[in-house]
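Chain A is fixed; fit chain B onto it per the hints.
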Amino acid sequence: MFRFLVRRVIGALVILLIISAVTFSLYYALPRDPARMACGKVCTPELLAQVRHNLGIADPLPVQYWHWLQGVFVGRDYGGLGNCNAPCLGFSFTNREPVLGTIMDRLPLTISLALGASVFFLIIGVGTGMIAAVKQGRAADKIASSFSLLGSSLQIYFVGYIAMYFLVQQLGLLEQPSYTPFTENPAKWAAGLLLPWLVLSIIFTANYTRMTRSQLVEQLSEDYVRTARAKGMSRRSVFFRFAWRGAMGPIVTIFGIDMGTLIGGAIITESVFSLQGLGRLALTAVDANDLPMLLGVTMVAAGAIVFANIIVDAVYALIDPRIRLA
Amino acid sequence: MSFSRRNFLIATGVAAGASTVLSACSSGDAGGSGANKAPSVDKAKAATIAVGTKADSTGAAPEVPGAVKGGTIYTLDQIDWDHLDPAQLYSSYEGACSVLFLRGLTGYKVDSKGTTTLVGDLATDAGTATDGGKTWAFTLKDNVKWEDGADVTIEDVRWTFERLFASFVTQGPRYPQGWLIGGDKYKGPYEGKHLDSIEVSGKTITFKLKEAHADFNFMLAMRGYSIVPKKHDTKEKYDKRPFSCGPYKIDSRSIGKGATLVRNTHWVAETDPLRNAYPDKFVFQFGFQSLASTDRYIADQGNDQFTLSLLNEVAAERIQKVMTDPALKKRVLTQVDTTCYYFAINTKRVTDVKVRQALNWAWPAQQLKQIRGGALSTATATTIISPLTPGHKDFDLYGKKTKPTGDPTKAKALLKEAGKEGQRVVIAMQQSDNSVKQAVAIKSALTKAGFTPVLKQVDKTSFYSQIGQLDNEYDMFAAGWGPDWPAGYAVIYPCFDGSQIADGGVNWPQLNDTSVNKAIATATAETDPDKAAKLWGDIDEQIMRLAAVVPDYNPIRNYFHGSKVGGVVYDSGNTCIALGKVFAAK
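Going down the list, the sequences are from chains A and B.
In short: position in the first sequence from 1, add 37, done, that's my numbering.
In short: position in the second sequence from 1, add 35, done, that's my numbering.
Chain A on its own, in the form it takes in the complex:
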């Protein structure tokens, strides 16, 4: 297991290196000029050159990339703007602060959003899928399948606005979405995020219901399940000790990817509910041509996905003994 983890972590770091280089290059391939964006209302060539120098984008691209990489390991000095300690993912000239600080400021909201929503969609999605599988072909199965089809065809920007309008603005049943740190006030934390959790869970639940149902139906028709039943095991024992365990593998895989994506930034969800997480940060960075911030968020998002996958692989092996960590 240890060797497996070390190997995967090294692989992940190489992937992140490639992603950083590609993001850097792609960004500069676009016909955009961050210096012009940061230059004033009347931007003379002299002023533009000064801005380029101040932004540190006067150097050739490979040199800029090398400086960025150096910063990650040893930090960087940004002259009059101050120091950026290692690991320095860059300095945002739009926000005038190291990007890592801003990312760390937004990360708790994004993690709260992802974790809270996942509790809902896992419990409801997997639970409903299990009922549908057990009651295969009956009314409960048909209702669950229909709702999952409906849920998977909805979009956050549609459900979100509708839910906001009725539940918050018209009926006042839920609080205006907002973020209060958990450590500051757990009740307010939950109340402010309840609506985004519910909306996110509607979208995600559908996938988990359908997947759980299909996996369980498949598992329940396997020979080993029939054998166990023939040997006198109760339906409940067979279901939870064999079929459920066998079905969870693919679900854990998808869950890992979903969590990585959510932590990387739920752009639409955060935009709909005016929440300031990593997704909004990325969007703002694109709009403001803030390459350092965009690169920083991309690296954190990529890191979340890559490491979530490593965790998934490890958990997968624990759940299903048939899988060996080779």
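It is possible that part of the hints are untrue.
[Claimed, not checked] What follows is a set of in silico ranges between Cβ atoms, one per label pair, in the way DEER data are often shown: (1) Thr163/B - Thr220/A: 53 to 61 Å; (2) Gly117/A - Lys245/B: 27 to 35 Å; (3) Asp96/A - Gly533/B: 33 to 41 Å; (4) Leu50/A - Thr487/B: 38 to 46 Å; (5) Arg40/A - Asp494/B: 45 to 53 Å; (6) Arg282/A - Lys472/B: 30 to 38 Å; (7) Ala185/B - Ala86/A: 36 to 44 Å; (8) Lys472/B - Gln207/A: 19 to 27 Å; (9) Thr298/A - Asn547/B: 54 to 62 Å.
Just so you know, the hints here were simulated from the structure itself, not pulled from any lab data.
Keep in mind it's a predicted model, so treat the numbers as computed, not measured.
Here a beta-carbon is modelled for each residue, glycine too, at the ideal position from N, C-alpha and C.
Structure of chain B alone, referenced to chain A:
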């Protein structure tokens, strides 16, 4: 419109300072007064902002009827402040917010009816001009304090203007740099050298200018010329956390998310004629799009009742609902903007004045107005100087009001006269859904008038960079300019004087007409405001006869707020809501 923060500033050319009173503003639930009518540029009057006396410059600010002290005022806006270092601060949005903690030598005093007067803010009056407007002197008030209790000194004032020349200052307004004698060689005070054309004696500072500038004191009312303490100047870092000499100071700030202002206990109300400072606290909240803020104002629940927006307007999706519901409309402050958006015609490429005039005659003003949201959000422009800016002259050389859909017959006749039938016109448009719709209307109208239009979509982030190049390959392109202070000079000189033609400059039509240049020089030197206003109006007409641009529209702003925000009035000098006047009603 989905402008980014920076795009918004660049594309609109919005800056602190512009003009006059709104044509119609609505009353807030909790205070203010005004008629509940739709705005109209046509009915608007350009009221010259008077220069106040020494008595007008004395605090405290005139009371707002019905105002109460205490409570918290919240804001909901899409974007954070780009800059807080006055030297880097340019937009009216940042100016609107920073009025609570930044103070300059002069400022605009707004009464509860929206009447605006130029007065001394930190200075005892609005300044004294001598030498025909080439020398200006200001005396610092007594008892004005920084947030640490230290006195604001005349050395701080000198330092403020000298640091504008430092190399890290690249974004704020740049008037003193060009106007002060010796400014072209000065590199800032950080190496221990003073600029000789700024003299201090006792509590008086004197500025010596290369040429006469009768409206130097108006220019100083831009928030970009607020005073910076020498002792606390952290150069580049000052942009993040400026030091306050206003009624509030920054308590906390999370960039991109929000900021909280609390009272500056060292502020003395009797020194401040501009700010009433009724609430105990201001909580600024960023990251809310117009639709989100509009819906929250409609719902009007909880703290949203004490909330207002300084940049977000009523969302296009809700404008009909809000403006047709009297209860909601009561909470909207409607204001015609002084910015004029126009299509600049590149006079170096389109050299024949008849062709340029034909473009004006063919213009589909009515169709474009509809695409932009109709009369609730834009007013058709026929002049370069907005009807609200002193110097405006009412004329319509190309029949936009009589034939708002364009006059292809007249345009065709002019093209024929010029021997340019089928003239190819390359038009640059920013990439956006709205621009595409407008491009289709323009193409159709120009084709009908005998032109061969060629549309080129340009990435919005590099648009202004491209059209600012002298050797650009476009015949026409959308641009816009809001005056930095309420005067014709601030509209005409930067955009139409021949001396301003440069790469990256804003004389987009590249107009270099000897008679226009001469007229601009004469108007600039005119010290009588009424005479100057007339001269600027004449220059506007002169430029329009040369058809250097096709005036397009003046935007109409609709600012929504909660039911318990009182004292919402417009600061027509800085073209924003006067935040120093608002209060949280009980």
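- Which of the listed hints are broken here? Hints 4, 6, 8 contradicted; others consistent.
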